[in-house]
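Spelled out, the chains give:
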Amino acid sequence: MTGFEAVILTIVTAATPLLIAALGELVTERSGVLNLGVEGMMIVGAVTGFAGAQLTGSPYLGVCASMLGGMALASLFGFLVLRLAANQVASGLALTLLGLGLSGMIGEAFIGQPGLKLERIDIPFLTDLPVVGAILFGQDPLVYMSIALAVSVSWFLFRTRPGLALRAVGNNHDSAHMLGVHVIRTRFLAVLFGGACSGLAGGYLSLAYTPQWVEGMTAGRGWIALALVVFASWMPLRAAIGAYLFGGALILQFHAQAEGIALPSQFLSALPYLATVAALVILSRDRWTARNDSPSCLGQVFVPDR
Amino acid sequence: MRVELRQRSADSRLMVWLSPLLALLLTLVFGAVLFAALGHDPLRALYVYFVKPLTDAWSLEEIVVKATPLALIGVGLALAFRTNVWNIGAEGQYTVGAICGSILPVMLPEWQGPLILPAVLVCGVLGGMAWAAIPAFFRVRFGSSEILTSLMLVYVAQLLLDWLVRGPWRDPEGYNFPESRLFEADAVIPALAGRLHFGTILALLAVAALAVLLGRTLKGFEFRVVGAAPRAGAFAGFSERGSILAALTVSGGLAGLAGIAEVSGTIGQLHPSISPGYGFTAIIAAFLGRLNPVGVVFASLLLALTYIGGESAQVALGVSDKIVRVFQGAILIFVLGCDVFIRYRLHFRPMRRAAARAEEAP
Amino acid sequence: MLRATIFAAFAMMLALPAAQAADPVKAAFVYVGPIGDHGWTYQHDQGRLAIEEAFGDKVETLYVENVAEGPDAERAIERFAREGADIVFTTSFGFMNPTVKVAKRFPDVKFEHATGYKRADNVATYSARFYEGRYVIGQIAAKMSKSGVAGYVASFPIPEVVRGINSFLLGAQSVNPDFKLKIVWVNTWFDPGKEADAAKALIDQGADIMTQHTDSPAPVQIAGERGVHAFGQASDMDAFAPAAHYTAIIDDWSAYYVSRVKAVLDGSWESGDIWGGFAEDMVVMAPYTDLPDDVAADAAAMVEKIRSGEFHPFTGPIYDQEGALRVKEGERADDGMLLGMDWYVKGVDDKLPQ
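Chains as they are written, first to last, in the working numbering: chain F, 2 to 307; chain P, -3 to 358; chain H, 18 to 371.
For the record, the hints were derived by calculation from the structure and aren't laboratory data.
Be careful, since some hints might not be right.
[Claimed, not checked] No more than 20 angstroms apart at the CA atoms, straight line, and that leaves these computed lysine to aspartate or glutamate pairs for DMTMM-like:
id, chain 1, residue 1, chain 2, residue 2
1, P, 48, H, 100
2, F, 118, H, 242
3, H, 118, P, 180
4, H, 197, F, 260
5, H, 135, P, 167
6, H, 121, P, 57
7, H, 279, H, 69
8, H, 118, P, 167
9, H, 121, P, 180
10, H, 135, P, 57
11, H, 118, P, 57
12, H, 118, P, 158
13, H, 135, H, 352
14, H, 163, H, 315
15, H, 363, F, 6
16, H, 118, P, 236
17, H, 368, F, 141
18, H, 135, P, 169
[Stated by the list, open to error] Per the computed footprint, the stretches of chain P lying under chain F, defined by three or more beta-carbons under 8 angstroms from a beta-carbon of chain F, are:
id, stretch
19, 133 to 144
20, 333 to 340
Note that CB positions come from ideal geometry on N, CA and C, so glycine has one too.
Can you build the whole structure from these sequences, using the hints too?
See the structure below:
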């Protein structure tokens, strides 16, 4: 494996959890729900995924368990903000707190155990191709899945009727309701999807990235995923590009250091956030794009009245 | 049987009082089950958690110390949220307030005298205001969502602090450890008792000022109208832009004040970590307090109690920190959930397909 | 019936002072991280458990975990002082000033602060000479590496970490004067993902032996995946990559904690500064695995030489990066120089972040 390939591989693996979580949150936000609990769902997914793999002996069942863990927390959030019309910002923060605590409780039994790793897929011949071989064909299965997910979320949102309905709910829930779309149900499903993705992103960390369970191992990646959604202006394919840019910035910074080039790491780390703010401002300057892209009902409560 | 929400014509006065009680009841039941399941005596656990901290002067004082920054930030956020401005970046404004307030004590430690403390506090307020003015400007000028811009700026602020205390502002006598020099005595907010400092008085003044502003003045009315019905506000000649700018900068300034008050009054120096998430917890305080300045004070005290009680449970019962956090999360979720009864009432009706369908299309 | 109750109440009142007299010594711990980090805090908690094991009923231990450095630290420390703790261990550098503040208010309570430099009559400090272990693994690295390049995942540029880097390289240079060390600063003590990324970057740049001054087993695991070797940090990390793991520098606080609590029990506790290494069993090497017998034997012999004081890792001549002579031929760096170390030895291929 050449150095270049290795670097690209590293960037892709660093970007994958961010991408998966961001895609989930993107769908949730497209439906008009802001779930700030990504970090909480992610860490719960990380621990349930790890626990699932350890208990069943199969990392694939672990992957399923991580999604279920994220969904369990998401359904609690959905019940709060959709059925009980609680404030989304506050509920999301409470969810993060709950998730961090719960994950620590569940994980107590698994500390210090080496985990089962989700193995890389090696495709004979293809993986051995020069340059592109390892990059295209030597990744772990979730990397392929994340790319497929980005494409299918994009297709779903912009090419299917349910996707149109979901965006309608996010843009104007009152009109969507008038047109007969079940606003609450749509949003609940979107929240669940977001939970499954966040959980899966956490599972990626504890099953593929660093197969182990340690408390607080998501270390703020959920918040980066939230930023990524905005950076991508709620467009799935842009989220993929953004994730690779974020991942690339992080990894290249390490490579620069190992080469002996000293850069103030805090400024590099701040770049993605500044870029997100800039992207947001540029987007909203362009009113047409703004109207088209950002879900205008984001964070607003909907209660069907009659 | 199907349960659904019906909006009340006006907020229920009764429920404003009943819903926290209901939340408390649910919390107690949940807590009892949780602690019993983990093999602790539930009654004793709940006593240690909620009652014991209220029984001695020291922990009462500590609750007030902990509640002070929450109330300062929360009351500003209450104003912002009422104006329909979603400032969730208070953590960043807190951090920048702490940084700007520290400029004088860190860079000019020789400058002493009675003027230094007011200067430090003013710098802190201005820092918070300036940091909040960025999302405010983007919102007013370009219409960018302040929810997201203010949140992004939190990370930028934290990294800025990190860079300062690890680099240029590192204590020259501190063996390269990441912390600034200790503030000189004149730059430290004087103590009232123990760890309780004058910042608490400032917080109470801010609460009183905002309570009067929101409840009794035309300006406060303007904020609320702009928040609730921007179009009506425009007809009345109220400036939406002005209100947004004011709401964000005021809440930012208060967060900045909270930041410098913590650094100067409680910690005494800059660290890489100066806030255990006060800016985010204050959002919860603002909602628990129903966006009412006086309510925010009580909510902050309640939140502080959950922290202090949690710590006391860790020590007295050997309950792990994770359980405390689960319990805290649960309290918040119950309180947020029970709030629903203020604005809505439950309506029970038999489950029928037709009825279910009727909900889809009115 | 009534009489019985009154009698029982009396009996209780009488029994109460007696029970208090037999009160066990309370030893309290303030942890910066979760005890489940399998690194820094985990090792301190192992020390706490050792106290319980050593003294049984005579000692009661208490702890709070996840105490953030900042406004909450002082309260957590003071709580223990108020709860009647006899000795309080604060186990993170950031707890230094809060510990000193609380100690002023509670002159009868004994405090022990890990890794700090401020002391008082009732505040002792303690730390471990991890650099002794780093010299040993530096030698192993130079003997085992094929590429002649080791990778170092570093946390923050504080003297503790800089000292470790220098000691590692001095050890390596004693075997192979041209040995190269590549360093990546991750600016965190604990973030498995970031540590893994840094390890990958270092391995991609030619390092075939990994060492780290961060707390998670992630770099060891990555070394295992990439087929290179690694040294564990803080605790034995062999389980995470059995084929890759040569040995680990273990922080072992048990002996120290037990001795300090014993000093409280027999009234001989005094403030002071303990900086313990191999000699005090505060730094221990994990079993040597997957090493040729002679390399393992040499390593064990080196540990003994350092333990007996026959050898000191920072023995001159030592030049810094600019080529200036810092420690003269035959002399040893004193503790003052080691404690404030903010320069690299010659041969480090990195600029110290300022």
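Here is how each hint holds up against the structure:
1. P/48 x H/100: Holds, because 13 angstroms separates the two Cα atoms, which is no more than 20 angstroms.
2. F/118 x H/242: Holds: residue 118 of chain F and residue 242 of chain H sit about 10 angstroms apart, inside 20 angstroms.
3. H/118 x P/180: holds (15 angstroms)
4. H/197 x F/260: Holds - the C-alpha atoms of residue 260 of chain F and residue 197 of chain H are around 12 angstroms apart, at most 20 angstroms.
5. H/135 x P/167: Satisfied, since the Cα-Cα distance of roughly 14 angstroms is no more than 20 angstroms.
6. H/121 x P/57: It holds: about 19 angstroms lies between the C-alpha atoms, which stays within 20 angstroms.
7. H/279 x H/69: holds (12 angstroms)
8. H/118 x P/167: Answer holds: residue 118 of chain H to residue 167 of chain P is near 18 angstroms, not above 20 angstroms.
9. H/121 x P/180: holds (18 angstroms)
10. H/135 x P/57: violated (27 angstroms)
11. H/118 x P/57: holds (17 angstroms)
12. H/118 x P/158: Roughly 24 angstroms between the alpha carbons, so the hint for residue 118 of chain H and residue 158 of chain P is violated.
13. H/135 x H/352: Satisfied, since the Cα-Cα distance of roughly 15 angstroms is no more than 20 angstroms.
14. H/163 x H/315: holds (19 angstroms)
15. H/363 x F/6: This hinted pair is violated, its Cα atoms lying about 32 angstroms apart.
16. H/118 x P/236: violated (49 angstroms)
17. H/368 x F/141: violated (36 angstroms)
18. H/135 x P/169: Holds - the C-alpha atoms of residue 169 of chain P and residue 135 of chain H are around 12 angstroms apart, at most 20 angstroms.
19. 133 to 144: holds (count 7)
20. 333 to 340: That given contact holds, which follows from 5 residues of the stretch 333 to 340 of chain P lying within Cβ reach (below 8 angstroms) of chain F.
Taken one by one, the earlier hints fail for this structure at numbers 10, 12, 15, 16 and 17, listed in ascending order.
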